[in-house]
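Position in the sequence shown counted from 1, then plus 23, gives you my numbering.
Heads up, some of the hints might be wrong.
Using 30 Å as the maximum straight-line C-alpha spacing, the simulated DSBU-like pairs for lysine-lysine come out as follows [claimed, not checked]: (1) Lys99 to Lys85; (2) Lys73 to Lys106; (3) Lys85 to Lys106; (4) Lys68 to Lys99; (5) Lys85 to Lys107; (6) Lys107 to Lys68.
Everything labelled a hint here was simulated from the structure, so no lab data went into it.
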Amino acid sequence: MKYCVSLLLVILFLSPNLSIAKDTISICHGNGGYPPYHYWEDEAKTGEMKGISIEIVKEIFKSMSQPVHISALPWKRCYGWVKKGQNFQIIADGSYKKVEKNSSSTAKECTSYTLH
24 MKYCVSLLLV ILFLSPNLSI AKDTISICHG NGGYPPYHYW EDEAKTGEMK
74 GISIEIVKEI FKSMSQPVHI SALPWKRCYG WVKKGQNFQI IADGSYKKVE
124 KNSSSTAKEC TSYTLH
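Given the sequences, and given the hints that come with them, work out the whole structure.
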């Protein structure tokens with residue numbers, strides 16, 4: 024039963040990503056909530072996260088006319104999926120933990136964006 028529930032949660036979690044256009048950049052970030060950078064508006068942690076870091080990322084990609092989808096995930100899952108090239112292309116999160124701090128050096132590919 025526990026396996027079925029876990030599988031169902033994974034399918035439900037991934038299903039919104041199926042409708043996203045192929046050229047949409049998928050970004051994940053930690054779901055811990057660090058006001059004012061990123062946080063949940065409600066205690067149930069539903070809907071989109073809010074905060075200055077989320078708004079900055081959205082504005083950067085909006086200025087490039089690049090569609091973007093931002094998801095909040097546990098940091099380890101986010102890091103693992105980006106590292107393997109699964110589901111997400113970018114991690115948008117900051118941390119002081121050694122593992123997280125040094126993770127950018129293991130990225131497979133790096134794309135640089137310049138705003139004009």
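Each hint tested on the structure:
1. Taking the CA atoms of Lys99 and Lys85, the gap is about 27 Å. The hint holds against a cut of 30 Å.
2. The straight-line distance between the Cα atoms of Lys73 and Lys106 is roughly 25 Å, inside the 30 Å bound, and the hint therefore holds.
3. Taking the CA atoms of Lys85 and Lys106, the gap is about 25 Å. The hint holds against a cut of 30 Å.
4. Using a Cα cut-off of 30 Å, the hinted pair Lys68 and Lys99 holds, with the two alpha carbons roughly 18 Å apart.
5. At most 30 Å may separate the alpha-carbon atoms for a hinted pair to count; Lys85 and Lys107 meet this at roughly 26 Å.
6. For the given pair, Lys107 sits about 27 Å from Lys68 by alpha-carbon distance, which is consistent with the 30 Å threshold.
In summary, the structure agrees with every hint in the numbered list given earlier.
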